[in-house]
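Peer 1: What follows is each chain in one-letter form.
Protein chains: 4
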Amino acid sequence: MADLLWKTSVAGQIDGTTVIRGYPLQELIGNVSFGDTIYLVLKGNLPTAPESRMMNAMLTACIDHGIAPPSVVAARTVFSGGNSLNSAVAAGALTLGDFHGGAIEQCMKLFQELLGDHQGDVAGLAKEKVDEFRAAKKRFPGFGHKLYKRDPRTVRMLELAQEYGFGANYIQFAVAVQDTLEAAMDRPMPLNVDGAIAAILCDMGFDWRVGKGFFIIARIPGVVAHIVEEWTREKPFRRLPEGSYGYDGPGLRPVPGSK
Amino acid sequence: MADLLWKTSVAGQIDGTTVIRGYPLQELIGNVSFGDTIYLVLKGNLPTAPESRMMNAMLTACIDHGIAPPSVVAARTVFSGGNSLNSAVAAGALTLGDFHGGAIEQCMKLFQELLGDHQGDVAGLAKEKVDEFRAAKKRFPGFGHKLYKRDPRTVRMLELAQEYGFGANYIQFAVAVQDTLEAAMDRPMPLNVDGAIAAILCDMGFDWRVGKGFFIIARIPGVVAHIVEEWTREKPFRRLPEGSYGYDGPGLRPVPGSK
Amino acid sequence: MADLLWKTSVAGQIDGTTVIRGYPLQELIGNVSFGDTIYLVLKGNLPTAPESRMMNAMLTACIDHGIAPPSVVAARTVFSGGNSLNSAVAAGALTLGDFHGGAIEQCMKLFQELLGDHQGDVAGLAKEKVDEFRAAKKRFPGFGHKLYKRDPRTVRMLELAQEYGFGANYIQFAVAVQDTLEAAMDRPMPLNVDGAIAAILCDMGFDWRVGKGFFIIARIPGVVAHIVEEWTREKPFRRLPEGSYGYDGPGLRPVPGSK
Amino acid sequence: MADLLWKTSVAGQIDGTTVIRGYPLQELIGNVSFGDTIYLVLKGNLPTAPESRMMNAMLTACIDHGIAPPSVVAARTVFSGGNSLNSAVAAGALTLGDFHGGAIEQCMKLFQELLGDHQGDVAGLAKEKVDEFRAAKKRFPGFGHKLYKRDPRTVRMLELAQEYGFGANYIQFAVAVQDTLEAAMDRPMPLNVDGAIAAILCDMGFDWRVGKGFFIIARIPGVVAHIVEEWTREKPFRRLPEGSYGYDGPGLRPVPGSK
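Chains as they are written, first to last, in the working numbering: chain R, 1 to 259; chain E, 1 to 259; chain G, 1 to 259; chain A, 1 to 259.
Quick caveat, the hints were computed from the structure, so don't treat them as lab data. Wrong hints could be hidden among the right ones.
The list treats identical chains as interchangeable, and a pair is accepted whether it falls inside one copy or across any two copies.
Claimed, not checked - For lysine-lysine, the following PhoX-like pairs were computed, each having C-alpha atoms within a straight-line distance of at most 25 Å:
1. 138 x 149
2. 43 x 127
3. 149 x 129
4. 149 x 127
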């Protein structure tokens with residue numbers, strides 16, 4: 001085993017039985033929800049009942065927000081040009097970069113760097129870090145919203161976290177950062193839904209490297225639904241509408257030496 | 001609305017409320033499982049309790065099978081070359097073509113073409129179609145397995161379908177095709193797990209164009225778990241090992257007129 | 001060699017020398033143009049001087065047509081979301097499906113099926129095939145243009161082909177199909193630039209399976225230039241403008257059993 | 001124009017004429033080589049004769065190195081799974097990350113940061129920067145080779161640069177860094193081909209953001225040739241060979257509460 005080129009602890013065969021993280025796939029089927037199985041492949045163990053409910057709630061929160069985001073536009077555009085559904089899904093995944101779908105990962109990374117194994121006074125740490133960030137003119141990802149004083153999805157997430165018994169360090173830290181930012185800046189800086197999910201995933205023990213993947217897993221079903229809709233409702237193929245684009249480069253000039 | 005370039009019935013805003021197929025996203029969060037939400041975006045309505053359990057079981061069945069499939073190899077290879085997680089997911093999706101992950105779609109398409117709105121004697125229809133296919137030397141996708149006389153995952157799926165009260169036309173047709181094929185060919189031609197899932201999705205009323213997307217949704221979490229494992233356990237970058245490849249083109253020859 | 005998993009005749013090592021189709025890479029550098037090297041990797045041998053000029057002319061013809069095509073929009077959108085240049089190029093390549101960039105391949109395939117090893121009266125064959133297609137109400141790809149009676153790029157291509165001494169079967173066949181179509185339909189059905197390039201590539205002896213790749217090779221530099229322009233001139237990130245999109249799905253409805 | 005969402009200076013229409021950076025596409029066809037047209041879209045103007053020859057030489061140098069690199073393996077694997085040629089090209093592009101095909105960009109960025117508008121004693125600057133890097137234990141990208149004391153492709157590139165009259169600041173700086181590194185470390189630290197191309201592109205006046213795109217443009221034809229070879233010589237589909245992979249995760253364990 002040690003010298004194999006390709007090794008994994010995610011899934012494989014043990015004595016002819018297909019296992020996911022050690023659990024027989026056959027036994028998982030019908031006994032755990034898909035959300036639980038996602039938790040299992042990402043984390044290495046099955047969730048408790050509260051973790052299962054929280055995981056399903058967070059995945060549901062991210063599934064789709066309509067047709068405007070670039071992941072949907074890119075996916076529908078690629079399908080519309082005469083390509084396969086899986087190519088269109090790939091195009092959707094390609095758009096999910098730092099500025100679109102990247103916030104959960106960024107927040108988790110920052111929270112884990114700032115909080116780490118810190119024990120004790122979370123509010124004091126939040127104040128200290130907010131001061132540091134403001135002095136360095138750095139922005140806290142995961143806070144602020146263009147419309148809301150409080151992001152209703154965050155409110156829902158935090159309610160559920162409380163109901164399910166999550167209330168550990170990272171959520172406390174995130175809320176303390178929100179309160180400190182608002183006091184310092186004297187305007188709403190609400191913990192947004194990406195920041196809330198990031199804090200909860202941290203409290204669940206997920207490594208920040210899982211953050212982007214979590215969002216992709218949650219969003220792909222929406223992308224697929226959009227592609228199927230493009231397939232069944234629209235005609236090929238999409239290009240920019242006349243009047244929405246133009247050329248602003250050098251004026252007409254001859255090619256030197258052309259015949 | 002009619003003249004908008006980009007319209008969708010999947011998700012959007014109604015009077016400032018984000019909805020998925022009409023349901024407020026806020027209400028879905030915490031009240032339905034992620035598997036149910038997937039069903040909702042793909043089908044347009046929420047599943048019944050049996051449909052929910054069946055959907056979760058089928059998604060779980062496809063989540064991962066180990067490191068060997070090309071979707072995993074491509075995803076890990078792309079990440080290993082110094083690319084982002086979402087690019088690696090895209091590479092995984094790109095591999096899921098006709099020969100890898102395409103069987104559910106192909107079976108659903110065929111089943112819907114063959115069975116359509118047929119009412120009545122399913123076994124007779126199966127016999128008729130098997131005879132047609134054999135006469136034309138065409139292969140039935142979804143039947144046969146290199147190892148099993150009966151695919152244990154199929155057995156599990158059919159048990160669950162029966163337990164949950166699914167037993168409608170498509171499952172009966174698929175089993176009848178299996179039995180007819182085996183009688184005609186005098187060897188095991190078991191309905192495999194792709195065929196079983198295809199039949200159940202058909203009985204649930206899904207259009208065959210959803211088939212590939214269903215598989216992608218189910219498999220992406222496994223791909224993400226593999227990429228995170230590549231990130232946290234392996235060093236860059238993967239290339240073919242020495243001795244596994246070679247050049248068999250024209251022998252050495254000079255470039256005409258080279259200096 | 002025979003039992004290696006990965007073999008290629010494109011490039012590799014011979015006695016420590018890197019070769020492309022047998023030619024030392026070191027000797028190719030500085031002695032042949034990039035267009036010639038493209039011809040070499042695709043065809044297996046170096047072009048003659050006329051083939052070299054024709055190849056360079058055709059590649060140049062396809063390099064870019066502005067910002068409107070979906071390949072450019074997808075590539076710029078992906079980059080704009082905070083992704084890498086190579087991911088954005090990949091998104092551009094993904095859009096080049098059957099309806100966008102697929103015409104050269106489709107024409108080459110059709111021309112090779114229709115003409116094959118046919119010797120002799122090309123005009124008669126063209127008439128016969130046009131009649132067949134019209135009887136079957138099938139469309140000839142590569143003919144017709146929404147603006148032009150004669151596509152100026154086609155005119156240029158055919159002039160160059162004549163100047164360089166290309167004038168073999170496929171070009172004659174393509175022009176004969178054009179003339180026959182126009183006589184039969186009594187309206188302009190000009191051979192378009194995709195059809196002209198397809199005919200010339202066929203006369204050069206390229207397999208039709210090279211057609212899509214030829215177009216991609218020619219178009220990628222334009223896509224790269226657009227991505228660099230997005231990088232250096234634009235701010236992140238692009239999403240659909242307000243007012244251009246909407247939701248037309250089911251009206252607001254409660255989630256059954258929600259709390 | 002100012003308020004258009006999509007503007008470009010790369011290509012478009014002027015009074016009904018398709019232009020590339022102001023030059024009529026019709027005039028470019030047949031009058032300039034494809035390498036020149038690539039230079040044009042990337043740089044904004046046509047190359048001089050020496051620039052043209054250098055550009056073609058550098059593009060040729062990067063076209064393909066055999067089947068082992070991950071870009072080729074990923075592209076062939078994706079095609080092999082039953083996907084389209086353009087999807088396979090996309091997979092190839094996706095692999096070209098920081099560790100595979102990223103060196104030209106990295107060198108150009110560093111060279112432009114270090115040299116900038118520096119006038120005068122290039123050798124002195126090289127010594128200063130090498131000392132800085134060594135003190136900070138930072139590695140210079142573009143130097144060192146596992147096999148060669150002098151990279152023969154670099155030698156060829158520098159010969160051509162000299163022959164064509166290139167010899168400006170960046171090449172001198174790169175060679176001075178090589179000599180200083182070797183003197184300081186007392187072992188071969190040859191400027192490799194990526195570093196040489198980077199220096200020449202800098203001397204030509206290209207922005208470092210073009211570096212990765214240059215490599216992708218040069219390499220895609222090789223990737224296309226490999227995909228066509230996979231299409232015409234191989235059977236579907238590629239997966240890891242038995243015995244090359246394994247599972248090293250948790251041992252077999254029951255699913256809690258499973259029936």
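Peer 1: Hint by hint, note whether the structure agrees.
Peer 2: Now for the hints, and whether the structure bears them out:
With identical chains, the CA atoms of residue 138 and residue 149 are at most 25 Å apart within one copy only, with a shortest distance of 21 Å there and 46 Å across copies. Proximity of residue 43 and residue 127 under a CA criterion of 25 Å is satisfied in neither setting, with 31 Å inside one chain copy and 47 Å between copies. Proximity of residue 149 and residue 129 under a CA criterion of 25 Å is satisfied intra-copy only: 22 Å inside one chain copy versus 51 Å between copies. Taking the shortest alpha-carbon separations for residue 149 and residue 127, only the intra-copy value of 21 Å comes in at or below 25 Å, while the best inter-copy value is 56 Å.
Consistency note: the structure conflicts with earlier hint 2 alone.
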